[in-house]
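Student: Working from the sequences, and respecting the hints, build out all of it.
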Amino acid sequence: MALEDKQEKAVRHAFGNVLSFFVLLLIGVFAFSIRLFSVIKYESVIHEFDPYFNYRVTQYLTKNGVYDFWNWFDDRTWYPLGRVIGGTIYPGLTLTAGTIWWILNFFNIPLSVETVCVFTAPIFSAFSSWAAYLLTKEVKGVGAGLTAAAVLAMVPSYISRSVAGSYDNEAVAIFALIFTFYLYVKTLNTGSLFYATLNALAYFYMVCSWGGYTFIINLIPMHVFLCIITGRYSSRLYIAYAPLVVLGTLLAALVPVVGFNAVMTSEHFASFLVFIILHVVAFAYYLKGILTPKMFKVAVTLVVSVGMIVCVAVLAILIAVVASSPTKGWSGRSLSLLDPTYASKYIPIIASVSEHQPPTWPSYFMDINVLAFLVPAGIIACFFPLSDASSFAVLYIVTSVYFSGVMVRLMLVLAPAACIMSGIALSEAFDVFARSIKLQFPIAKQTDDASAEDSSQVSTNNGVKPASEKTEDTLKERPSRKSKKKEKEKEKSKSTSVTKQIKKKLLILPFEASLVAIVLLVLLGSFYVVHSVWAAAEAYSAPSIVLTSRSHDGLHVFDDFREAYSWLSHNTDVDDKVASWWDYGYQTTAMANRTVIVDNNTWNNTHIATVGTAMSSPEKAAWDIFNSLDVKYVLVVFGGLVGYPSDDINKFLWMVRIGGGVFPHIREPDYLRDGQYRIDSQATPTMLNCLMYKLSYYRFVETDGKGFDRVRHTEIGKKYFKLTHFEEVFTTHHWMVRIYKLKPAKNRIRGKTKKFKSKTSTGRSNQKRSTRATRKNPYP
Amino acid sequence: MGRSTTAKDAEALVHSLRSAYSATPTNLKIIDFYIAFAVVTALIQVVYMAIVGSFPFNSFLSGVLSCVGTAVLAVCLRIQVNKENKEFKDLPPERAFADFVLCNLVLHLVIINFLG
Numbered sequence: 001m002a003l004e005d006k007q008e009k010a011v012r013h014a015f016g017n018v019l020s021f022f023v024l025l026l027i028g029v030f031a032f033s034i035r036l037f038s039v040i041k042y043e044s045v046i047h048e049f050d051p052y053f054n055y056r057v058t059q060y061l062t063k064n065g066v067y068d069f070w071n072w073f074d075d076r077t078w079y080p081l082g083r084v085i086g087g088t089i090y091p092g093l094t095l096t097a098g099t100i101w102w103i104l105n106f107f108n109i110p111l112s113v114e115t116v117c118v119f120t121a122p123i124f125s126a127f128s129s130w131a132a133y134l135l136t137k138e139v140k141g142v143g144a145g146l147t148a149a150a151v152l153a154m155v156p157s158y159i160s161r162s163v164a165g166s167y168d169n170e171a172v173a174i175f176a177l178i179f180t181f182y183l184y185v186k187t188l189n190t191g192s193l194f195y196a197t198l199n200a201l202a203y204f205y206m207v208c209s210w211g212g213y214t215f216i217i218n219l220i221p222m223h224v225f226l227c228i229i230t231g232r233y234s235s236r237l238y239i240a241y242a243p244l245v246v247l248g249t250l251l252a253a254l255v256p257v258v259g260f261n262a263v264m265t266s267e268h269f270a271s272f273l274v275f276i277i278l279h280v281v282a283f284a285y286y287l288k289g290i291l292t293p294k295m296f297k298v299a300v301t302l303v304v305s306v307g308m309i310v311c312v313a314v315l316a317i318l319i320a321v322v323a324s325s326p327t328k329g330w331s332g333r334s335l336s337l338l339d340p341t342y343a344s345k346y347i348p349i350i351a352s353v354s355e356h357q358p359p360t361w362p363s364y365f366m367d368i369n370v371l372a373f374l375v376p377a378g379i380i381a382c383f384f385p386l387s388d389a390s391s392f393a394v395l396y397i398v399t400s401v402y403f404s405g406v407m408v409r410l411m412l413v414l415a416p417a418a419c420i421m422s423g424i425a426l427s428e429a430f431d432v433f434a435r436s437i438k439l440q441f442p443i444a445k446q447t448d449d450a451s452a453e454d455s456s457q458v459s460t461n462n463g464v465k466p467a468s469e470k471t472e473d474t475l476k477e478r479p480s481r482k483s484k485k486k487e488k489e490k491e492k493s494k495s496t497s498v499t500k501q502i503k504k505k506l507l508i509l510p511f512e513a514s515l516v517a518i519v520l521l522v523l524l525g526s527f528y529v530v531h532s533v534w535a536a537a538e539a540y541s542a543p544s545i546v547l548t549s550r551s552h553d554g555l556h557v558f559d560d561f562r563e564a565y566s567w568l569s570h571n572t573d574v575d576d577k578v579a580s581w582w583d584y585g586y587q588t589t590a591m592a593n594r595t596v597i598v599d600n601n602t603w604n605n606t607h608i609a610t611v612g613t614a615m616s617s618p619e620k621a622a623w624d625i626f627n628s629l630d631v632k633y634v635l636v637v638f639g640g641l642v643g644y645p646s647d648d649i650n651k652f653l654w655m656v657r658i659g660g661g662v663f664p665h666i667r668e669p670d671y672l673r674d675g676q677y678r679i680d681s682q683a684t685p686t687m688l689n690c691l692m693y694k695l696s697y698y699r700f701v702e703t704d705g706k707g708f709d710r711v712r713h714t715e716i717g718k719k720y721f722k723l724t725h726f727e728e729v730f731t732t733h734h735w736m737v738r739i740y741k742l743k744p745a746k747n748r749i750r751g752k753t754k755k756f757k758s759k760t761s762t763g764r765s766n767q768k769r770s771t772r773a774t775r776k777n778p779y780p
Numbered sequence: 781m782g783r784s785t786t787a788k789d790a791e792a793l794v795h796s797l798r799s800a801y802s803a804t805p806t807n808l809k810i811i812d813f814y815i816a817f818a819v820v821t822a823l824i825q826v827v828y829m830a831i832v833g834s835f836p837f838n839s840f841l842s843g844v845l846s847c848v849g850t851a852v853l854a855v856c857l858r859i860q861v862n863k864e865n866k867e868f869k870d871l872p873p874e875r876a877f878a879d880f881v882l883c884n885l886v887l888h889l890v891i892i893n894f895l896g
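Top line first, the protein sequences correspond to chains A and B. Letter 28 of the first sequence, counting from 1, is numbered 28 in my numbering, and no numbers are missing. Letter 21 of the second sequence, counting from 1, is numbered 801 in my numbering, and no numbers are missing.
Heads up, a few of these hints could be off.
Said to hold, decoys possible - The calculated lysine-lysine pairs, modelled on DSBU-like cross-linking and capped at a C-alpha distance of 35 Å, are: (1) A:Lys6 <-> B:Lys863; (2) A:Lys651 <-> A:Lys41; (3) B:Lys809 <-> A:Lys288; (4) B:Lys788 <-> A:Lys297; (5) A:Lys9 <-> B:Lys869; (6) B:Lys869 <-> A:Lys41; (7) A:Lys41 <-> A:Lys9; (8) A:Lys288 <-> B:Lys863; (9) A:Lys297 <-> B:Lys863; (10) A:Lys719 <-> A:Lys620.
Note that these hints are calculated values from the structure, not bench results.
Tutor: Next comes the structure, spelled out in structure tokens:
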């Protein structure tokens with residue numbers, strides 16, 4: 001009997017394992033496929049701005065090898081400063097894609113670098129779902145793991161940053177994040193040093209991939225500290241944390257972009273502080289283990305008195321060191337996370353990026369949809385029972401909710417936490433309902449004798465039931481208490497299940513209620529799936545380098561950006577410098593292969609302010625600035641003809657603000673009429689004369705005779721004007737990108753003519769003039 | 781008066797500590813000695829840096845962190861090998877030692893790379 005039971009259990013286990021394996025495989029395939037909408041609707045192209053830089057770096061890596069890549073100094077950007085690529089990027093993404101390309105080519109599968117780059121993100125999203133399965137399995141169990149993986153595969157927030165073509169750091173970093181957390185929780189649960197090593201290596205991969213690694217190195221110490229102060233210290237905690245700190249700091253210092261920041265910036269201090277605290281606590285526990293209680297008390301009093309003095313001294317030194325730096329040791333980006341108003345006051349560049357704005361409430365519903373109200377249920381489910389792993393999950397969700405409220409971009413960090421929590425919630429709910437149905441199904445089965453023991457258990461169950469049913473209400477959608485039929489509860493089938501129930505203090509809900517609840521939960525899931533697929537297809541698959549619009553006469557495709565870049569690459573010299581606003585820097589270097597002045601890296605505020613000042617100044621002053629930077633071509637983006645709202649005129653106020661932050665003669669109020677930003681006839685003369693206005697609206701009146709700007713919905717102020725220092729060389733088909741060339745400097749020869757007469761004609765006077773002319777260098 | 785009681789307490793404490801510690805098995809004492817050696821080496825390096833200056837900072841960091849790292853790993857080994865520790869009673873000590881060696885290998889690989 002027992003053997004058959006065991007065999008049955010073994011078969012069921014094996015079946016369960018095979019089923020979970022196939023479900024996971026399907027989840028991976030689904031995660032990959034849902035991100036392919038942009039490839040189907042548009043083409044296999046790299047999106048946005050930042051991915052173009054990563055693509056260019058990957059091209060360089062695959063062409064020149066690792067050593068040249070590691071030591072690369074890029075002189076085609078931030079002219080004339082250049083940029084040390086090897087030391088200022090997070091190499092994880094490019095190295096990953098480069099490795100994949102290299103392996104594929106090693107097996108003679110000739111995929112181009114662009115294809116590998118485009119499809120890296122979907123592949124890693126499949127890996128992320130599997131990592132989420134592993135993590136949630138450690139926290140709650142296999143069922144919760146599968147649900148969390150399925151939910152993560154389609155959460156719109158993650159899709160938005162990992163569609164096919166979005167070749168950015170987050171594509172790989174989210175996988176590294178979840179995997180590091182999984183290994184941490186696994187080490188915490190098993191206490192194995194092997195997993196601790198793997199954890200440190202996964203953390204290294206995360207540091208290589210994304211600047212958000214500081215989230216890990218602050219969350220894990222927070223969790224360790226929480227465990228210590230809630231009395232959950234154990235030796236497994238020590239093994240999970242201490243090797244991670246030492247190995248992790250070393251590995252983080254290995255990455256050039258982090259370098260010594262790993263030990264010197266405030267972002268890492270929390271880990272060291274908790275490291276010290278952990279050692280103190282571990283030592284205290286060790287002493288408690290080997291001393292008698294009386295002696296331990298003596299030791300404590302002695303140590304406390306001496307230790308206090310030492311602690312205060314050390315703390316004073318530390319505070320002095322930290323307070324001496326103006327930002328208290330934090331970097332600008334981290335400070336803007338902790339204090340949401342910091343960036344708008346001090347660093348306008350960080351404040352101007354649209355991804356850094358706080359999210360609105362609808363964006364929560366758009367990005368994590370149904371999960372938003374499954375998360376609280378998951379948090380409560382984590383408390384029954386509370387383990388180290390589930391306390392970690394709760395801490396993760398709470399901190400990520402705070403940070404997602406600071407910046408829209410960090411909704412991405414919230415997504416895995418929300419998926420884990422909702423996976424737990426859904427799985428627990430299904431558990432309860434399915435068990436209720438299963439145990440009430442064979443209604444009139446055996447156990448007349450069992451019912452005797454049942455009745456006593458049932459009474460205790462009933463006592464527990466009202467209290468726990470209240471918590472169940474938070475899990476269920478609609479509690480139908482009216483159909484409570486108490487007779488059904490008495491007819492339980494097996495005594496083993498009864499004892500299990502007593503152990504877990506769980507309840508059996510009425511049969512119809514559970515059935516309806518399961519149907520409703522499945523409906524909830526289907527709403528979520530429909531919304532996710534819609535979001536992936538419509539909202540997040542736009543490559544933003546190609547725009548489309550539907551009108552009554554069909555689909556219009558606006559491919560102006562690529563048209564402009566290819567014009568640049570075919571009609572200009574290789575060494576010509578192109579100036580534009582920093583948004584387009586990466587795309588220009590990657591697609592047009594020309595040197596730019598500023599790009600999306602925005603590390604040098606003064607340089608960007610110089611370009612901003614040039615765009616805000618009148619023509620002559622702008623020409624002077626651009627000429628001093630050896631600029632040959634100026635590129636502006638203009639959406640007035642077609643109604644493209646993200647053009648340079650709309651961004652112009654940011655140029656003024658950033659330029660004015662460094663060059664005080666640019667004042668924002670000069671460009672506003674009564675505090676309003678206008679470009680029509682009521683605009684200020686400073687606005688109407690600035691370079692950006694002129695380059696955007698030059699000859700615009702020729703399009704419709706009135707110069708009606710479709711984005712600002714007015715006619716422009718100054719319609720007929722000529723350019724004195726620039727000449728237009730190219731305007732794309734829909735006037736979206738306009739390229740101008742700097743006119744060469746006028747000859748500064750005073751007096752007679754612009755042309756030199758021959759030397760014999762005026763003799764001495766000409767000689768005099770020529771010497772005067774040569775002394776004054778006409779081309780500064 | 782207070783002084784003598786605290787002095788007596790301290791004496792009693794040291795005595796009980798010594799007696800309790802001598803009861804630990806020899807293999808654990810060896811690990812403890814190794815830990816003490818690593819910590820002392822780290823302290824010597826810090827004192828040296830205070831005297832000489834921290835110029836190749838990466839070398840200093842890798843030196844100190846290698847000592848601290850081996851100390852930490854040895855503590856982990858001690859935790860796992862200690863027979864009084866209920867949580868690790870099914871862990872064979874050979875497995876614990878193998879994990880220790882592996883983690884040390886990774887640590888020293890990183891150290892050598894970072895040493896410059």
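Student: Which of the stated hints cannot be reconciled with the structure, identified by number in ascending sequence?
Tutor: 6 and 7
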